[in-house]
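Participant: Could you put the whole structure together from the sequences, leaning on the hints where they help?
Protein chains in written order, with this note's numbering: chain A, 84 to 310; chain B, 26 to 790; chain C, 17 to 190.
Treat the hints as calculated values from the structure; they're not laboratory data. Idealized CB from N, CA, C, for every residue including glycine. Treat the hints with care, since some could be wrong.
Facing chain A, according to a computed beta carbon distance under 8 Å, are these residues of chain B, among others [stated by the list, open to error]:
no. : residue
1   : L416
2   : R419
3   : P420
4   : G423
5   : Q429
6   : L430
7   : R434
8   : A440
9   : I646
10  : V704
11  : G705
12  : T706
13  : P707
14  : V710
15  : G712
So the chains spell out like this:
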Amino acid sequence: MSADALLVAEDLHRRFGPTPALAGASLAVAAGEVVAVMGPSGSGKSTLLHCLAGIVPPDTGRVRYRGADLTAMSDTERSALRRREFGFVFQFGQLVPELTCLENVALPLRLERVARRAAERRAREWLDRLEVADVAGKRPGEVSGGQGQRVAVARALVTGPRVVFADEPTGALDSLNGERVMRLLAGAARETGAAVLLVTHETRVAAYSDREVVVRDGRTRSLEQVA
Amino acid sequence: MSAAVSRRPAGAGLGDLLMGARMAVTGGRAGWTRTLLTALGVGVGVAMLLLAAAVPGAIDSRGERTGARSEPFVDGPLPAGPDTLLVLHADGQFRQRTVRGWLVRPEGPDAPVPPGLTTLPGPGEAVVSPALRAVLDSPDGPLLVARLGGARVVGVIGADGLSGPDELAWYAGRADLTEEWAGRLDRFGGGGPGEDLGPTLNLLVVIVFVVLLLPVVVFLGAAVRFGGDQRDRRLAAIRLLGADQGMVRRIAAGEATAAALLGLMVGGGLFLAGRQLAWFVSFADYSFYPADLRPAVPLVTLVVLAVPALAIAVALLALRRVAVEPLGVTRRGRPARRRLWWRLLLPVVGLGLLYPATGSEPAPTADWRIAAGAVLLLAGTVTVLPWLVDLVVRPLRGGPPGWQLAVRRLQLDSATSARLVSGVAVAVAGTIGLQMLIAGVQDEFRRPSGQDLTRAQAMVNLPGVAEPRAALDRLATVEGVTGSAATLSTAAAPAGDTNPNAVVTVRIGDCAALAEYAEVDGCADGDVFLARSGDLEAGVEPGGRIRLDEDWTIPTATRIVPARTDPTGGRAQSALLLTPTAAAGLPARHLNATALLTFDPADRDTVERVRATVAAIDPPIGQVLEFRAVREDPGFTKVRTGLTAGAVITLLLLGISLLVGVLEQLRDRRPLLAALVAVGTPRRVLGWSVLAQTGVPVLVGLVLAAGVGTATGAVLLVMVGAPVVLSWPVVGLGTSLGAAVVVLVTAASLPVLWRLTRPDGLRVE
Amino acid sequence: MSIGHTFLGLLQASPRHGYDLKRAYDERFGQARPLAYGQVYATLSRLLRNGLVEVDSVEPGEGPERKRYAITEAGVTDVARWLAQPEKPEPYLHSVLYTKVVLALLTGRPAADLLDVQRAEHLRLMRELTRRKTDGDLADQLVCDHALFHLEADLRWLELTASRLDQLAREVGR
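Facilitator: As structure tokens, this is what we get:
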């Protein structure tokens, strides 16, 4: 594992009931790199992402973020970390249906007690950057899937995170829209220097990454290592 | 072309209904959970309705049983015979509870046996109710056992001989019972009907039922909508398979019917199980056997028919608001601004119905109109609330994130929350209205007793007691009694007077005791006083003659003094007061003994010891009157106790429905909640948003309830002709009860929120 | 497609006569085009010359069929190198890749690694194309997309094969 890694997972194990989701997964993400996590469904990709993001604690193994042991943190600390340092894009279910797109993007800032006006101004900039400025006043139910996903990307990036976790961000989109989301996500992440951990089963989406990690039966196989 | 579009065969509609019903019970874990929730909600409501329907029957059963053990009315004296029984009532009190006692002596082998007993207790034997036996076996037992006159407990009274399972009652055999004190009867039963509540109390009972049942109906309406979103989505999937709007409606109706029927079964079960609780519930001397709670058949039929009908109506009404299209569900645009006029229609009509009843005495025939008026007025809360919530929420902007989440949700769909809350609002409005009415008519029922607790705590009356002085001494030495103003008394008539109503009391006691009855300043043993209140009977004067066992001359040295109100609070009475020496040689054999006892009222056992002592004095007909500062009409107390208990139960029930609703909303939003937590949203923020989402409508609801409740109360007060007084404590009590429910519900939903927001919720695939 | 490497792989699994070798090859990899005898013996003599195979035993009688061939140490190394080497991603690669997978299974080598290496190679090219596409004009994009879709199809095949390795191993082992 490289010494300058931002986020490091070592030998993670995690079971859900009798089924092992992770059985010895290790991974290191360096600052600013885009890493694609691939693997068949049920291989443990999402669980790996959840563990790395401090959403799900692993049964055994450690996750370190900038040297700090994520697994030893309290839930509150991990929540705060996710809020401040991480950004998230999911396949669906992430935008609050009652809030407008603008309010959705401003929400992470508001949670950090940024004043509403300032938060919404920054949110607007991000919507603009992701080419969805025109849907700012609409509710998520009133925009297309691609637009919604770009709003979600804006929301993930608005706090200036160091790591963006994207779990099948294009899963519900057609290829053209999916690639547009990926192009914007990867582009914005590279510009801001954010690392991206991208879970996907689509190779053309994974092709936007710098590096690929395969998860099979809960174990990671880094391709460079094999080669 | 038209031939190709074949018409569906007749009877397909029924098929749709059945399909809907099948969908209610199949459809995976989520489907089951939803159906179960609905069934449970409906079940709880049905159980409440059945309980309400059972109350009149329960009161009837109780009346039948008490009637069966009553003494029959008899014309003229009944001669002693082989089939007669001497009975002496020895009812008493024990710690605020009534203890019914009968002393019996059969006069022949065929003497009647009271219901609940197999044989009459012999001399020195007693048969007691299970509740009494429990008390006798408790640490309180020694205080109570003397009431039985030393009789040995040989059996237990059966259920058909008791008013309820919690009644304290006993029968004891007594050999020395004579006709002098006891009544004679040759059968039990046939006595008069039970106590009547009176028109105003009747009105109250009607309103109480309305107030308690209306929220239940509202709750039922909410319960059949549980899981509405999911159902809409499922219906959309059916549309995709080619169902038209009509079929969708029929399927929805079938589903609702299935859930309602399941709810009826659950309700029946809950009721049957719940009525076993009757064993443990009693208030104000009222208790019932589970078997007493048998709802009348017409009412049960009504419930069985009305609940599914309501379910179908609500399901169809809910469908009206959404367009179930093959590719999903669209709420019909932004909800239209709610129109006010029809929402105000209900309360206005309600007021119109109530108004003519004002000013005149409420007659029982107007009950239906009062009930209908109250229902409509209170139902107005339900119709006006969504509009009001909308009005309040619409202009809200900004605020912290938790608040913003809640407000935006309410702006988008205030109806769901308003609907959930409306039950609480109705219950609170009703409670306020009723409590106001009660506070207003309080003076009619609840008045100061006039009993002077600074002078004595209890009065003991021992009529015709065999050993009066010994008895009084025993009372004075009861543990805890600190003072006793003991007097002996009898009634005398002016000698030679033909007016049979001309009676004067003759009372014998020491100066301290006599001071309770008149202003006997400078009293010394040997003095005689004539206490005067108003005009004295002719011939009752110093030197006058009165008739006792023999004629007796009032000493000429008798001083006339003003009579004094005794501590019982009765009017001051004229009486001839004799000190012991002056009474020597008074020709009176039958004297009543009276003692005014003082003791520490905080020690609840002293009065019980006094009662025990009195029970042991011969003949066993002594009475103990414990003084209280306030006297309440017992019927009124029952209604009020019932109302308060009912309001609390109803609010708890509504709390459950609110909880179910909140949980369901949370469950529907599980992926979103999990995603929000994943991105680092503190759970505190989500908790606040849940609280605000319920709290805002509740707050609006409570304000509305305070208004409607006050209006209802005012109208009811005008109806009974009492002055309209706004009682802030009453409004405060009602609203704080409602607020307490919301806080409870939120607190109870938080663990589920925590569980739902565990990141497992992200595992949707 | 390298017949020589395929022969080496088959011989590593077990020594065979030339005729057996042809039959095994045709059965597993020949599809509709069986090998000609001439090609078999030409290839075998080339492998013999290079020291990658040796004659294991000679049975008495007439004709080339009397010789049984076995792989040498150098041959084993050569097969290993070939299997580990990712193929240059190009269309209609599946027959080579399939042969490699089967031979890896036959010779007890980790077939999954082989697939992953190939996969990495494919993805490397896809990344390059994606980068070119992101920076290029519409014409570039369309050209790149065409290549990307083909590569994606190959990758899918790789993935599918990877997930069916166990099944394949059982069938090959029979």
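Participant: Compare the structure with each hint and give your call.
Facilitator: Hint check:
| no. | hint | verdict |
| --- | --- | --- |
| 1 | L416 | 18 Å, violated |
| 2 | R419 | 14 Å, violated |
| 3 | P420 | 16 Å, violated |
| 4 | G423 | 5 Å, holds |
| 5 | Q429 | 7 Å, holds |
| 6 | L430 | 6 Å, holds |
| 7 | R434 | 5 Å, holds |
| 8 | A440 | 14 Å, violated |
| 9 | I646 | 74 Å, violated |
| 10 | V704 | 5 Å, holds |
| 11 | G705 | 3 Å, holds |
| 12 | T706 | 6 Å, holds |
| 13 | P707 | 6 Å, holds |
| 14 | V710 | 7 Å, holds |
| 15 | G712 | 13 Å, violated |
Violated hints, in rising order: 1, 2, 3, 8, 9, 15; the structure is consistent with all others.
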